[in-house]
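K.L.:
Protein sequences appear in the order of chains A and B. So for the first sequence, this note's numbering puts the first residue at 1; every next one is plus one. So for the second sequence, this note's numbering puts the first residue at 1001; every next one is plus one.
No wet-lab data here; the hints were simulated from the structure. A couple of the hints might just be wrong.
Said to hold, decoys possible - Chain B is nowhere near these chain A residues, computed Cβ spacing over 10 Å in every case:
1. Gly36
2. Lys122
3. Glu166
4. Thr189
5. Lys195
6. Lys260
7. His266
What the hints assert, rightly or not - Okay, the calculated bits of chain A under chain B, using three or more residues with CB under 8 Å as the criterion:
8. 55–62
9. 125–132
10. 153–164
11. 267–278
The beta carbon of each residue, even a glycine, is placed where N, CA and C say it ideally should be.
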Amino acid sequence: MRKFMIALLVLLLAGCSSNAAKGAQVSDPTQVIFEGNGKKYTKEDLYYTLLSYDYPSALLYDMVYKCAVSEKADLSAYDEEIDSTIEFYKMYYGMTDFAEYGGEETFRRLLAASHFLEDKKKAFAEADLATYLENDVPVLAKLAYFDDEEAAQKAHDMIKEGSTFEMAVLENGYDTQVTETIYLDSNETLPLQVKEFFHTAEAGLSPVITSITQTTDSSGNTIDTARYYLIDLISKDVNDFKDGYLSIKTELIEDNDAIKKIFADHEIVFYDQETMDKMKSAYEGMFD
Amino acid sequence: METKELLKKYGFVMIIGLALLIFVGVYIADSAGKRETYIDTKQVDGRYVLYSVDGQDYFADDLYDTLYQGAGSTTEVKALGHNVIDKAVKATSDMEQYAASYAAYLLQYYDEPTILNYLRQEGYHSLDDLQDMYLYSLKQGEFISDYYTSHYDEYVKDVAETEDPRIISHILVKLADVEETTDEEGNTIHIAHPTEEESKKIEEILKELETREFSDVAAQYSDDGSAANGGKLGLVTKTNASKYVKEFADTSLALKPGEMSEVITTTYGYHIILAEEATTEDLLADSDFLQQIDTAHPEAFTTALKEAADAQGVKIYSEDLLAALTPSTTESEAN
């Protein structure tokens, strides 16, 4: 009798395990898309079809969001900006339910992930400041070049008479773009002679014209075109322009490089081959 | 040994064996029904974990909404289509044969990753499903064709009135020398310079047509591949006529059903064209015409699907899916 009781218990357990394997995943009715003809189609069932379309970036940014959650980052700090973005989309794109983004909540998560990523990039740039300074040797200066001396001189005179550097260049120069933060060592387009000027000159003096008839590029090639550089060297102390400098460095960090750094600080384990294959093929090296 | 004694002696072993069989059976059935590719599969409360971040598990249903932006409602409509159409349309042996040969053709000419990705986008998982996928597309064609037949006035009539369809057959006598020139209005025209033998052939055909069926004469005399089919080319409409050379298209559309043309000359030679009434069956067997109906009535498929789903008692919970199956007010008004 006792043997039969044990046997029946085993039989019962086998039956229970079959029920658990078959139906537990649809216990939440919100996960069922539809049911008919003896089948339930759940979000889990259709996830793999959606995965086959090429939108891995949505999953990637969702992972960033999950890292932020894991870090207990203050995501509510982005609420105000997210609200205004949502309003913008509603007003200018006529979106109401954000269905194309998987609903407003999903869209908000995506936006929060983007803001979190931007903050991380800033933090990465700040952490690398010493290395950047070593490679760049940045100076804060206004620089424009002219092809003829007379135009350079006219611009110089205008500045002396009270005009802004930008206005003087705009009215007389061919190069109307005024560069402010200049990297010396890592700049590949700046002629060696101009770099040399920045290294030796004193900051805070009046603008000067540096005429160069023969320039040498970073590869050592000599260029015979005569150019006249109008230069206003404002500061050589990075503390005077640190925020602007870091914001340039932040912008230069690629999203995927920053995401890779974020992921390196977290333990991400794939349990699903298809999801892993999709992500690894879309983002080579990201999950190594 | 009697049964009672056998049971007494081996009953315990049999029950344990039976339990193990059920367990193994359930395991195999479950693995077969589920995905086969999991790496270190992890389940929590019966839900499959896709990945974890710092020990926190994330599931497929969590990520469904995240991926929804790509092809969300389309995917849901497709899944509903499979469920409803598979029941509504029974596969014929012809369909099965055709699906099998088409699957074999695809496997021969396309690489496996391309086919596999296509299969996945259609809701299938392995190359073994290729035949099923194509069989389903045939069923889907049958499903919509049946729907159009039973809703002719709503979906087919207006397109048929606009497109003026007819079934066209022809007899071709190829000519070695056809001169291309322009008429007074600058239109390209073709002038025949037949040999004696070619002239004799067209005369003979015209004489035969006085007493014999067009299809018989076409089968005997036409130099075109359509001869094997009694000269029948199929459905010609205002839209698809342009796939034929101009003189042929113009003449085909100018004929009334039942009328036969005089001999016309195109770059290929002499043609005699016969126009016949196109039946509803002819219209709905023509993929171009079906495409024209789809263009004119983009909501037709989802409307048909919703009606069939309702008839089958399918319960739809997703609001997005319901919205995708409901024609928008603008479309309804427009139609």
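K.L.:
Please list, smallest to largest, the hint numbers that this structure does not respect.
P.N.:
Structure breaks hints 1, 7, 9 and 10.
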